[in-house]
Amino acid sequence: MTTLAGRPNTALLVIDVQKGVLEGAPARDTVIANIGALLARARAEGVPVVWVQHSDEDLVKGSEAWEYVPELAPAGAEPLVHKVHGDAFEGTGLEGLLAERGAGRLVLTGAQTDMCIRATAHGAFTRGYDVTLVADAHTTEDLTAHGAPPPEQVIAHTNLYWSWQSAPGRHAEVAPTAEIVF
4 MTTLAGRPNT
14 ALLVIDVQKG
24 VLEGAPARDT
34 VIANIGALLA
44 RARAEGVPVV
54 WVQHSDEDLV
64 KGSEAWEYVP
74 ELAPAGAEPL
84 VHKVHGDAFE
94 GTGLEGLLAE
104 RGAGRLVLTG
114 AQTDMCIRAT
124 AHGAFTRGYD
134 VTLVADAHTT
144 EDLTAHGAPP
154 PEQVIAHTNL
164 YWSWQSAPGR
174 HAEVAPTAEI
184 VF
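Per our numbering, residue 4 is the first one in the sequence shown, and the count goes up by one each step.
Derived from the structure by calculation, the hints contain no laboratory data.
From the three backbone atoms N, C-alpha and C, an ideal C-beta is built for every residue, glycine too.
Treat the hints loosely; a few may be bogus.
[Unchecked claim] Quick list of the computed label-pair ranges, beta carbon to beta carbon:
#1 Ala148 with Gly79: 38 to 44 Å
#2 Pro29 with His88: 21 to 27 Å
#3 Thr95 with Gly9: 29 to 35 Å
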């Protein structure tokens with residue numbers, strides 16, 4: 004249903020699964036295991052996988068906090084997109100990589116739910132992609148000290164919120180890891 008002509012394929016996006024981002028995040032190990040399961044399935048089925056890695060003043064490029072968590076790593080020729088904005092499309096070559104792979108549907112995983120996941124989901128949807136948010140494969144840090152709800156509520160709200168998105172010719176959905184079909 005994507006509005007992107009000639010783009011029938013699905014791609015798995017693994018967003019910001021970095022040490023400094025996932026440190027102390029709720030359900031960290033479960034989220035990493037679910038992303039790992041999706042990676043294994045995508046690779047076995049020949050589904051394109053694209054990795055996204057954020058950098059800023061707290062995630063200095065090349066620092067230990069900036070590195071991917073040790074449980075997950077790109078394989079073979081899986082591309083890596085470096086970004087400095089929440090939306091992985093802004094100022095990056097992500098669109099070109101997805102176009103080369105014929106991807107019109109994206110399956111989103113990673114962190115942070117209320118920042119880069121949400122921004123990239125919206126960025127993809129407004130650009131014409133179908134977007135599936137994997138309900139149990141994203142997480143976020145605790146920002147209650149800044150007035151945010153507890154992380155578990157942020158995750159639950161984002162899953163609820165995304166399940167109600169709609170736009171002409173595009174499809175948004177939320178599904179758990181076990182129900183993802185590439």
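| Range hint 38 to 44 Å: satisfied by the CB atoms of Ala148 and Gly79? | 41 Å, holds
| Within 21 to 27 Å or not, the Cβ separation of Pro29 and His88? | At roughly 25 Å between Cβ atoms, His88 and Pro29 fall inside 21 to 27 Å, so the hint holds.
| said: For the hint 29 to 35 Å, verify it against the beta carbon of Thr95 and that of Gly9. | reply: Between Thr95 and Gly9, where Cβ atoms are some 22 Å apart, the hint is violated.
Of the numbered hints stated above, the single one contradicted by the structure is hint 3.
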